[in-house]
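So the sequence lines, in the order shown, correspond to chains A, B and C.
The numbers in the UniProt record's numbering rise by one with no breaks, and the one at position 234 of the first sequence is 234.
The numbers in the UniProt record's numbering rise by one with no breaks, and the one at position 109 of the second sequence is 109.
The numbers in the UniProt record's numbering rise by one with no breaks, and the one at position 90 of the third sequence is 90.
Think of the hints as simulated: they come from the structure by calculation, not from any bench.
For every residue, glycine included, the Cβ atom is placed at its ideal position computed from N, Cα and C.
There's no promise every hint is true.
[To be verified] To give a feel for the contact side, a few chain B residues facing chain A, derived at Cβ under 7 angstroms: (1) TRP150; (2) LEU245; (3) TRP248.
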Amino acid sequence: MENKTPAIEIEKLGKVYTRGKEEVTAIQEISLKIPEGKFVSIVGPSGCGKSTFLHIVGGFIPKSSGKVRIRGKEVDKPGPDRGMMFQESALFPWKNVFDNVAWGLEIQGMEKSKRDEIVEHYLKLVNLWDFRKNLPSELSGGMKQRISLARVLAFNPDVLLMDEPFGALDAQTREKMQVELQRIWQESNKSVMFVTHDIDEAVFLSDIVVVFSGRPAVVKEIIEIDFQRPRTLDVHKTQEFMDIRNHIWDLLHQEQGTSDEEGM
Amino acid sequence: MDKRLQKIAAIEIVVLLAIWQALASLEWIPAYLSSPYVVGSEMWALIVSGELFTNAASSLYRSLVSFLLVMVLGIVLGIAAGFFKPVGIFFQPIVDVLNPVPKIALLPILMVWFGISDTTRILLIFLTAFFPCFIATKDGVHGVKQVFVWAAENMGASKFQILWKVILPASLPKIFDGLRVSLGLTFVMMFSSEMIGSSNGLGLGFMILLADMAGRTDLMFVSVFFIALLGFLFDRILLAVRARLLWWSENRG
Amino acid sequence: MKKGWKFLIEYQSLIWIVVAWELVVFLQIMPERLFPSLSKVLVVAFELITTGMLLENLPITLFRVFAGFALAAVVGVPLGLLMSRSKLLNDLVQPIFSLGFPIPRVALYPILVFILGLGSASKITMIFLECLFPIVLNTYYGSTRVGKLYLWAAQNMGANRSQVFWRVLLPATMPSIFTGLKIALPMAFIIAILTEMIGATAGMGYLLTYMSASLMQEKVLACVVLITLVGYLLNLLIQKIQRKYVFWQ
Numbered sequence: 001m002e003n004k005t006p007a008i009e010i011e012k013l014g015k016v017y018t019r020g021k022e023e024v025t026a027i028q029e030i031s032l033k034i035p036e037g038k039f040v041s042i043v044g045p046s047g048c049g050k051s052t053f054l055h056i057v058g059g060f061i062p063k064s065s066g067k068v069r070i071r072g073k074e075v076d077k078p079g080p081d082r083g084m085m086f087q088e089s090a091l092f093p094w095k096n097v098f099d100n101v102a103w104g105l106e107i108q109g110m111e112k113s114k115r116d117e118i119v120e121h122y123l124k125l126v127n128l129w130d131f132r133k134n135l136p137s138e139l140s141g142g143m144k145q146r147i148s149l150a151r152v153l154a155f156n157p158d159v160l161l162m163d164e165p166f167g168a169l170d171a172q173t174r175e176k177m178q179v180e181l182q183r184i185w186q187e188s189n190k191s192v193m194f195v196t197h198d199i200d201e202a203v204f205l206s207d208i209v210v211v212f213s214g215r216p217a218v219v220k221e222i223i224e225i226d227f228q229r230p231r232t233l234d235v236h237k238t239q240e241f242m243d244i245r246n247h248i249w250d251l252l253h254q255e256q257g258t259s260d261e262e263g264m
Numbered sequence: 001m002d003k004r005l006q007k008i009a010a011i012e013i014v015v016l017l018a019i020w021q022a023l024a025s026l027e028w029i030p031a032y033l034s035s036p037y038v039v040g041s042e043m044w045a046l047i048v049s050g051e052l053f054t055n056a057a058s059s060l061y062r063s064l065v066s067f068l069l070v071m072v073l074g075i076v077l078g079i080a081a082g083f084f085k086p087v088g089i090f091f092q093p094i095v096d097v098l099n100p101v102p103k104i105a106l107l108p109i110l111m112v113w114f115g116i117s118d119t120t121r122i123l124l125i126f127l128t129a130f131f132p133c134f135i136a137t138k139d140g141v142h143g144v145k146q147v148f149v150w151a152a153e154n155m156g157a158s159k160f161q162i163l164w165k166v167i168l169p170a171s172l173p174k175i176f177d178g179l180r181v182s183l184g185l186t187f188v189m190m191f192s193s194e195m196i197g198s199s200n201g202l203g204l205g206f207m208i209l210l211a212d213m214a215g216r217t218d219l220m221f222v223s224v225f226f227i228a229l230l231g232f233l234f235d236r237i238l239l240a241v242r243a244r245l246l247w248w249s250e251n252r253g
Numbered sequence: 001m002k003k004g005w006k007f008l009i010e011y012q013s014l015i016w017i018v019v020a021w022e023l024v025v026f027l028q029i030m031p032e033r034l035f036p037s038l039s040k041v042l043v044v045a046f047e048l049i050t051t052g053m054l055l056e057n058l059p060i061t062l063f064r065v066f067a068g069f070a071l072a073a074v075v076g077v078p079l080g081l082l083m084s085r086s087k088l089l090n091d092l093v094q095p096i097f098s099l100g101f102p103i104p105r106v107a108l109y110p111i112l113v114f115i116l117g118l119g120s121a122s123k124i125t126m127i128f129l130e131c132l133f134p135i136v137l138n139t140y141y142g143s144t145r146v147g148k149l150y151l152w153a154a155q156n157m158g159a160n161r162s163q164v165f166w167r168v169l170l171p172a173t174m175p176s177i178f179t180g181l182k183i184a185l186p187m188a189f190i191i192a193i194l195t196e197m198i199g200a201t202a203g204m205g206y207l208l209t210y211m212s213a214s215l216m217q218e219k220v221l222a223c224v225v226l227i228t229l230v231g232y233l234l235n236l237l238i239q240k241i242q243r244k245y246v247f248w249q
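Make the full structure from the sequences, and use the hints.
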């Protein structure tokens with residue numbers, strides 16, 4: 001249905017930056033629509049510009065051309081309409097868990113009683129209410145990312161942007177986090193744009209997987225995935241899952257040949 | 001320093017004082033090296049008469065006013081220079097040229113302009129102690145993780161909120177490193193500015209100068225001991241404040 | 001053209017200071033006796049060089065700086081390294097350095113003068129004492145932080161104790177040692193000027209006080225300019241040496 005406004009609409013987005021005297025095209029010209037309430041992953045080879053792409057959508061770095069619209073409204077600066085989660089923990093080490101989650105609400109001038117209620121709700125949602133008085137430095141990597149998710153959800157953004165949020169975690173924690181994320185996402189019903197280099201992660205989590213090719217980044221293929229939700233880790237074992245996974249692997253591998261030597 | 005090293009330090013000090021006293025009693029060292037007993041009784045006399053405190057007070061006044069100026073201007077300008085690139089570029093050449101200069105060399109010039117006054121001394125102390133604080137603050141700001149700033153922007157923080165609630169706390173560990181160096185220099189320059197230039201007025205440096213001219217080494221030891229004590233004490237205070245403010249940091253010690 | 005413009009922008013703060021200074025002179029806001037023009041100062045500085053005043057005094061100061069600094073390095077580096085290897089030595093020495101670190105040690109100088117006289121000996125001792133602290137502390141912390149893995153790898157490859165020390169521990173601590181030396185050298189220069197200003201018959205600090213007695217501000221400023229230049233060159237020197245010998249950092 002075309003008459004519905006997409007949650008995120010990217011129109012002919014391009015990024016060129018100068019390195020010394022050279023001009024390097026990081027992103028060629030990408031157009032993409034992310035429908036309301038969908039979980040969309042972007043996969044691509046390392047250093048293909050997918051993180052840059054997400055940072056531009058987040059408004060953190062300037063774009064060279066094109067437009068980004070969130071629910072129809074054009075944006076080019078960071079704002080609480082897009083909740084961003086980073087690969088490395090962006091929790092403030094000088095604030096405890098509770099105050100970290102409350103930070104955005106406090107900045108926006110929300111009154112304390114209401115703020116506390118929201119923080120409690122989200123800390124319970126990510127199952128870390130018991131750790132509210134701890135410092136981030138006292139938590140494991142997986143816990144930190146769950147707190148980050150709670151912090152982002154707390155200020156109720158229109159869309160979630162996630163930049164390899166589980167990239168620094170070990171394989172087992174990663175799988176647990178994926179199941180957690182699916183549960184939390186289903187409860188919050190937000191539109192998500194999720195960047196990863198892990199094909200399994202993308203296929204397991206997403207309604208739509210967008211495959212980027214490397215340097216400069218362009219959209220290579222868009223794949224819809226319609227496994228029943230909630231998905232369990234067993235879905236990895238199905239033939240259908242493996243077929244999709246292998247297909248994406250092939251797509252990326254054609255790429256690797258050209259961009260691997262420069263891999264970041 | 002942990003408890004064990006503190007104990008060792010205390011023992012070492014007692015042993016050194018005992019050796020000094022023994023050598024003095026046996027008259028194995030020249031009389032001008034005095035003895036702990038004489039120095040101690042002189043100090044007591046100066047404490048009772050209040051003379052030590054009046055001198056220490058005017059020295060402290062100069063030091064602390066300068067240090068306050070260093071703290072405020074060093075941190076504010078350091079953050080501005082670290083956060084806003086043009087400000088940083090503007091200050092860089094001044095820092096490059098002035099930082100390695102022995103600021104004490106400016107004393108004769110300041111004396112001609114402002115006389116032999118507290119203005120001259122405070123200015124001299126400030127000029128010396130400013131740079132470590134400024135440079136450390138700027139480095140601290142540069143070391144703040146980009147994602148902290150981005151996360152704050154993402155949550156709708158204004159420029160001022162980012163500076164006050166993210167950049168300042170995140171660079172605080174580095175700022176304290178700089179402040180500690182600045183505080184040390186404050187006392188060095190307090191002493192130096194009182195030593196050079198004039199022999200009248202109040203201050204621990206003057207006490208040394210006067211004692212020197214009278215050949216009273218015992219009084220010199222008293223002043224030296226007191227300057228050392230003040231330096232040590234204020235360093236401890238700074239470390240205590242640091243531990244309080246940086247309770248969250250791994251290197252709060 | 002573009003390059004020149006960029007240069008001007010980058011160094012604008014210095015240019016503004018010079019402009020402001022000359023404006024004060026030009027508008028005679030301060031009497032010229034107190035506030036001479038910079039061109040005049042440079043001329044006097046040049047005179048100080050050509051008349052041999054600089055050559056009479058600078059070597060004496062530099063001698064004191066390098067003697068005190070070298071002594072501190074020769075004593076401080078091995079002491080710091082040994083402290084990290086021997087618990088007993090560390091227990092004995094560490095408290096002295098921890099207690100002595102925050103106190104203004106220059107206050108001892110007048111007493112040193114009493115013992116050693118006004119000549120170079122008291123000044124070199126003072127410089128030595130002052131430089132010892134950053135050198136020992138940085139060497140010590142640097143060498144305690146040398147990764148166990150390096151030492152294990154060396155032992156694994158059959159290195160004996162002295163080989164481990166000379167070929168692994170020392171080079172691995174080198175960056176920290178240089179950090180200490182880099183703090184110490186400017187300090188040595190500052191202490192040299194300071195002690196010469198308190199009392200001396202030769203040296204740059206002496207020249208400065210001698211000039212200030214003449215009440216000719218341009219002469220004093222010329223001295224400051226020369227001292228600044230020397231301080232700047234010393235800084236440059238240690239950076240060059242560091243780049244040459246600690247190239248892997």
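Tested hints:
Satisfaction of the interface hint for TRP150 (chain B) is found here, the shortest Cβ-Cβ separation to chain A being roughly 5 angstroms, below the 7 angstroms cut-off. Hint on LEU245 (chain B) is violated. Least Cβ distance to chain A is approximately 9 angstroms, over the 7 angstroms limit. Given the 7 angstroms rule on beta carbons, the hint for TRP248 (chain B) holds: about 4 angstroms separates it from the nearest Cβ of chain A.
Violated hints amount to a single one, hint 2; each of the other numbered hints is respected by the structure.
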